[in-house]
Amino acid sequence: MSKPFLSVTDIVAGYGNGPAILDGARLEVEPGKVHCIIGPNGAGKSTLLKVIAGVLPIRKGEVIFKGERLNGLRPDQVLRRGIAFVPQERALFPKMTVRENLRMGGYILRDEKELQRRIDEILERFPILRERAEQHAGTMSGGQQQTLSMARTMILKPDVVMLDEPSLGLAPKVVREMFDIMRMMTERGVTILLVEQNAIMGLKNADVGVVLDLGRTLFEKPAAEVLTDPRIQELYLGGRKAA
Amino acid sequence: MEIIQIIVLGLGLGGVFALMGAGLSLVFGVMRIVNLAHPSLIIAGAFVAYWGFRMWGIDPLVMLPIAAVILAAIGVVLYKLFFEREAKSAKYSEMTVLLTFAVAMIVEGALGAMFSNTQRVTSPSYATDAFFIGDVFIPKGQLYAGIVSLAIIGGLALFLKYSRLGYAIRATTQNREAAALLGVNVNLVGIQSFAIGIALAGAAGALVSFVFSFFPAKHWEWIAVLMSLVVLGGMGSILGTVVAALGLSVIAAFVGAWIGSTWSTMTFFLALFLVLLFRPQGLFGEKPELV
Amino acid sequence: MPAGLDTETTSGVLEARRAYNATLVRKADQTRATWFPFAVLAVLIALPALQFAGNYNYVLHLVLLTASYVAMASSWNILGGFTGYISLGHNVFFAIGGYFAGMIMARYGVSAILLAPLAGLVAAGFGWVIGLITLRVRGPSFIISSIALVMIARLLFDNWQFVGAANGVTLPVTELSAQWSKLPYYYAMLAIAAVTVWASYRIKHSKFGLGLRAISKDEIKAESAGIDTRFYKVTAFALSAFFVGMVGAVWGEYLTYIRPSIFLVILIAAYMVLMCILGGKGTIAGPVIGAILLMAFNEIFVATMGASELNILGTGLIMALALMFFPLGIVGTLAQKGRLPRVLNWD
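Protein chains in written order, with numbering that gives the first Met the number 0: chain A, 0 to 242; chain B, 0 to 290; chain C, 0 to 346.
For the record, the hints were derived by calculation from the structure and aren't laboratory data.
Worth double-checking, as some hints may not be accurate.
In silico SDA-like cross-links for lysine to any residue, where the CA-CA straight-line distance does not exceed 25 Å [stated by the list, open to error]:
| no. | chain 1 | residue 1 | chain 2 | residue 2 |
| --- | --- | --- | --- | --- |
| 1 | A | Lys172 | A | His135 |
| 2 | A | Lys112 | B | Phe283 |
| 3 | C | Lys220 | A | Arg73 |
| 4 | A | Lys112 | B | Ser92 |
| 5 | C | Lys206 | C | Leu309 |
| 6 | A | Lys59 | A | Ser6 |
| 7 | C | Lys220 | B | Ala156 |
| 8 | A | Lys94 | B | Lys79 |
| 9 | C | Lys220 | B | Met94 |
| 10 | B | Lys160 | A | Arg131 |
| 11 | C | Lys220 | B | Leu276 |
| 12 | A | Lys172 | B | Leu159 |
| 13 | B | Lys160 | A | Gln196 |
| 14 | B | Lys79 | C | Leu309 |
| 15 | A | Lys220 | A | Ala170 |
| 16 | C | Lys220 | C | Leu309 |
| 17 | A | Lys59 | A | Lys94 |
| 18 | C | Lys206 | C | Gln335 |
| 19 | C | Lys336 | B | Leu159 |
| 20 | C | Lys220 | A | Arg109 |
| 21 | B | Lys160 | A | Gln134 |
| 22 | A | Lys94 | B | Lys160 |
| 23 | C | Lys220 | B | Phe158 |
| 24 | B | Lys79 | A | Gln196 |
| 25 | A | Lys94 | B | Phe158 |
| 26 | A | Lys94 | B | Met94 |
| 27 | B | Lys79 | C | Val109 |
| 28 | B | Lys160 | A | Glu120 |
| 29 | B | Lys160 | A | Ser6 |
Beta-carbon label-pair distances, calculated as ranges [stated by the list, open to error]:
| no. | chain 1 | residue 1 | chain 2 | residue 2 | range |
| --- | --- | --- | --- | --- | --- |
| 30 | C | Phe296 | A | Leu167 | 52 to 58 Å |
| 31 | A | Thr96 | B | Ile57 | 50 to 56 Å |
| 32 | C | Arg16 | A | Thr8 | 29 to 35 Å |
This one's a predicted model, so the numbers in the text were calculated from it and none came from an experiment.
Backbone N, C-alpha and C fix where the C-beta goes; we use that ideal spot for every residue, glycine too.
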């Protein structure tokens with residue numbers, strides 16, 4: 000196996016001084032692929048993403064990215080190393096325009112010209128955003144906001160983009176468009192980590208499936224295998240008929 | 000033509016109030032702190048300008064940037080002493096408001112102990128001079144104060160819209176977690192915003208020093224007025240505060256001219272109660288109740 | 000796959016849970032020393048006997064002043080401590096009570112002490128109406144409205160010719176001898192203070208008080224639990240105005256004149272708040288302790304440094320320190336650590 004890209008090993012983490020939500024979670028992320036994390040509520044899916052992003056402190060275990068240990072880094076430091084995170088609430092600035100939101104996406108870039116170039120590039124690639132470049136983010140629809148948050152991650156040309164329940168509150172057609180955007184991103188070499196409540200749909204659109212339960216990783220296999228595994232169907236996909 | 004005169008007077012004062020309130024709004028937006036000590040710091044700024052004039056004959060408009068810098072420094076000290084702990088959580092809490100109330104008393108007490116409670120006013124030549132345009136009588140002092148205020152506010156707006164720190168401030172105000180995720184050092188932004196807010200208070204103070212007569216305890220009158228403006232404009236919206244300040248001051252000027260000067264101050268308070276009755280979130284506020 | 004739960008581990012877990020929960024329960028059953036407040040009251044009632052021995056008018060004055068603040072702070076506590084709405088302008092009701100009783104006394108010669116309950120009702124009435132408006136908002140907006148309220152009142156009273164505007168009205172002086180002239184006011188204030196503390200105790204331990212506490216913790220949840228938060232809040236506001244109004248009535252007559260600058264100064268409002276914070280917001284003994292402490296500080300301060308702006312500086316400093324390091328107040332902090340002396344547990 001080639002040098003590990005992003006390895007998450009035996010993570011123990013929780014909120015504040017509370018109990019450990021994650022207890023032995025692990026992940027081997029393969030570059031350029033879409034990984035979908037599924038599991039019941041409270042299993043620690045969002046927690047895992049937050050741990051990688053540096054939003055939550057790690058109590059035990061390690062996150063190693065391209066040979067570097069990410070434990071203890073602040074979120075912006077993780078961002079600088081190439082891992083972007085879009086939380087459930089989409090992290091947009093409602094009273095800023097689309098353009099300004101994109102600019103904030105590149106906040107850590109000091110080169111103003113380069114930043115503007117990248118903003119224009121993104122606007123080119125996403126016509127929906129280009130049409131609304133001067134519109135306030137808060138007035139856009141859910142789908143448009145999701146597009147904006149995903150597009151915004153591209154400003155820094157990250158290696159990994161993590162999305163926490165991106166389909167939340169979106170109509171099915173919009174969700175399909177969103178997965179198309181994800182495909183576009185992977186075609187450009189971005190690795191995607193996805194937490195999806197809607198397990199079947201998430202797995203169908205992914206390359207690798209990860210099942211998290213009771214704070215630990217139970218399965219990590221190609222998505223197709225996860226989808227068709229009868230035990231997983233029984234426990235997490237709503238029965239054999241569902242898939 | 001009296002009408003034009005009243006409007007000009009109102010706008011002049013309104014500009015000063017707008018500047019006084021802008022700093023308040025800024026700090027609230029970033030840190031969710033209602034700084035009841037803000038007006039007392041304006042008075043401190045007024046004293047700085049006053050003494051600059053008394054001792055060295057420096058024009059208050061020239062003292063303005065000096066007062067701003069001095070007050071910014073004082074602001075940082077106060078922040079480190081009292082507010083740093085609370086600011087980190089950036090959630091509104093009554094205790095923090097009471098703390099700012101306590102700081103207001105501390106500032107007033109310190110000023111009073113140093114300078115006593117006599118009324119003072121800075122008197123550069125233009126404070127008592129006026130322009131006469133036809134029938135209209137425009138006091139120079141208020142005119143200058145109004146213009147300078149609006150210029151500073153304009154500068155603030157440009158700063159917030161186009162500078163990198165301005166972006167960081169706006170981002171932190173609108174979505175603190177998101178800003179942190181994208182690399183904004185929200186704690187540093189907090190201190191910087193606070194310093195800027197108090198600097199604005201210092202600048203306002205320099206203007207106030209020749210527009211009003213002041214003394215350490217005067218800030219109580221302004222707490223109520225400024226707070227009314229901030230609620231009226233919508234907590235956290237600088238634009239709202241400015242609009243409210245200008246609008247209400249003009250109305251208050253008319254009330255003062257036609258009914259009596261006591262009632263002109265009342266206008267602000269009555270407006271506050273009306274807003275609470277009919278539109279608690281103010282003009283540009285976000286939700287029906289507190290943020 | 001999830002491990003099966005056998006009975007052994009289950010009961011083990013349950014036991015551990017129970018033990019953990021036990022540590023969380025606040026030691027709420029510290030025994031009360033109910034005799035203590037009554038003992039204090041008895042001593043205070045007997046105190047004027049000192050006048051037989053010599054001129055202790057100043058002591059009586061101090062106790063009277065402290066009692067008035069005990070009443071006002073305890074009253075404020077109903078809104079600020081129990082319900083969680085901080086009012087920085089509560090002295091408005093002090094003024095309303097004082098002026099109402101004072102004006103009637105000036106015109107018709109009826110003693111303000113007798114009018115006190117009526118004055119309280121009038122203040123409560125205003126509280127009700129004002130509360131209907133200002134309690135529509137929470138948090139900072141409410142605090143701001145309370146400040147605006149005081150300023151409005153000050154402006155109104157300063158300019159209202161009927162009540163003498165800024166100069167106020169002089170009230171007829173009592174005809175008692177110098178030795179006993181303070182007594183009626185002394186006992187009146189003591190009575191008001193006792194009633195207020197007792198009332199706040201009853202309120203706290205009533206269903207109404209429970210509702211108030213729910214509102215102070217999380218108003219939205221209280222609303223969805225079926226509590227008519229509007230009614231509760233406004234009633235609390237009115238109640239907290241009632242006692243303050245009574246104090247105002249007695250105070251005006253005691254001073255023999257009513258004037259805006261007596262009632263409507265920010266320091267009084269600040270004191271009410273500070274006393275509750277120092278003593279313990281939301282407790283019964285808190286405002287009492289806070290009032291005594293602050294009055295003591297004040298006396299020492301004035302005696303050593305003279306009244307001045309330093310007074311305001313000192314008050315501000317005490318408040319800041321209390322808020323930063325003892326937000327629960329003396330009674331509150333001690334109670335939390337389980338070290339509250341029985342005599343101070345009036346809850």
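Hints and how they fare:
1. At most 25 Å may separate the alpha-carbon atoms for a hinted pair to count; Lys172(A) and His135(A) meet this at roughly 23 Å.
2. Distance check on the hinted pair: Lys112(A) and Phe283(B) sit about 34 Å apart at the alpha-carbon level, beyond 25 Å; violated.
3. With a C-alpha separation of about 35 Å, the suggested pair Lys220(C) and Arg73(A) falls outside the 25 Å cut-off, and the hint is violated.
4. Of the pairs offered as hints, the one joining Lys112(A) and Ser92(B) is violated, with about 42 Å between alpha carbons and a cut-off of 25 Å exceeded.
5. Between Lys206(C) and Leu309(C) the alpha-carbon distance is near 44 Å, which puts this suggested pair outside the 25 Å criterion.
6. Distance restraint check for Lys59(A) and Ser6(A): the Cα-Cα separation of roughly 14 Å lies within the 25 Å cut-off, and the hinted pair is therefore satisfied.
7. At most 25 Å may separate the alpha-carbon atoms for a hinted pair to count; Lys220(C) and Ala156(B) exceed this at roughly 39 Å.
8. A hinted pair counts as satisfied when its Cα atoms are at most 25 Å apart, and Lys94(A) with Lys79(B) does not qualify at roughly 30 Å.
9. Between Lys220(C) and Met94(B) the CA atoms are separated by roughly 22 Å; this keeps the pair inside 25 Å, and the hint holds.
10. Note on Lys160(B) and Arg131(A): the hinted pairing holds, with a Cα-Cα distance of about 19 Å set against a maximum of 25 Å.
11. Note on Lys220(C) and Leu276(B): the hinted pairing holds, with a Cα-Cα distance of about 23 Å set against a maximum of 25 Å.
12. Of the pairs offered as hints, the one joining Lys172(A) and Leu159(B) is violated, with about 38 Å between alpha carbons and a cut-off of 25 Å exceeded.
13. Taking the CA atoms of Lys160(B) and Gln196(A), the gap is about 38 Å. The hint is violated against a cut of 25 Å.
14. Under the criterion of a C-alpha separation no larger than 25 Å, the hint pairing Lys79(B) with Leu309(C) is consistent with the structure, at around 23 Å.
15. A C-alpha spacing of about 28 Å is found between Lys220(A) and Ala170(A), which places the hinted pair above 25 Å, so the restraint is violated.
16. At most 25 Å may separate the alpha-carbon atoms for a hinted pair to count; Lys220(C) and Leu309(C) exceed this at roughly 44 Å.
17. This hinted pair does not check out: Lys59(A) and Lys94(A) have alpha carbons roughly 39 Å apart, beyond 25 Å.
18. Taking the CA atoms of Lys206(C) and Gln335(C), the gap is about 23 Å. The hint holds against a cut of 25 Å.
19. Distance restraint check for Lys336(C) and Leu159(B): the Cα-Cα separation of roughly 47 Å exceeds the 25 Å cut-off, and the hinted pair is therefore not satisfied.
20. As the CA atoms of Lys220(C) and Arg109(A) are separated by approximately 46 Å, the hinted pair breaks the 25 Å bound.
21. A hinted pair counts as satisfied when its Cα atoms are at most 25 Å apart, and Lys160(B) with Gln134(A) qualifies at roughly 15 Å.
22. Taken as a hint, the Lys94(A) and Lys160(B) pair is honoured in the structure, with Cα atoms around 12 Å apart against an allowance of 25 Å.
23. At roughly 41 Å between alpha-carbon atoms, Lys220(C) and Phe158(B) are farther apart than 25 Å, so this suggested pair is violated.
24. Annotation: proposed proximity of Lys79(B) to Gln196(A) is violated, straight-line Cα distance about 44 Å (limit 25 Å).
25. Using a Cα cut-off of 25 Å, the hinted pair Lys94(A) and Phe158(B) holds, with the two alpha carbons roughly 16 Å apart.
26. This hinted pair does not check out: Lys94(A) and Met94(B) have alpha carbons roughly 29 Å apart, beyond 25 Å.
27. A hinted pair counts as satisfied when its Cα atoms are at most 25 Å apart, and Lys79(B) with Val109(C) does not qualify at roughly 55 Å.
28. The straight-line distance between the Cα atoms of Lys160(B) and Glu120(A) is roughly 22 Å, inside the 25 Å bound, and the hint therefore holds.
29. Between Lys160(B) and Ser6(A) the alpha-carbon distance is near 41 Å, which puts this suggested pair outside the 25 Å criterion.
30. One distance hint, 52 to 58 Å for the beta-carbon pair Phe296(C) and Leu167(A), holds here, with the actual separation near 56 Å.
31. Our hint of 50 to 56 Å for Thr96(A) and Ile57(B) is violated, since their Cβ atoms are close to 43 Å apart.
32. Taking 29 to 35 Å as the suggested C-beta distance range, the pair Arg16(C) and Thr8(A) conforms, at roughly 31 Å.
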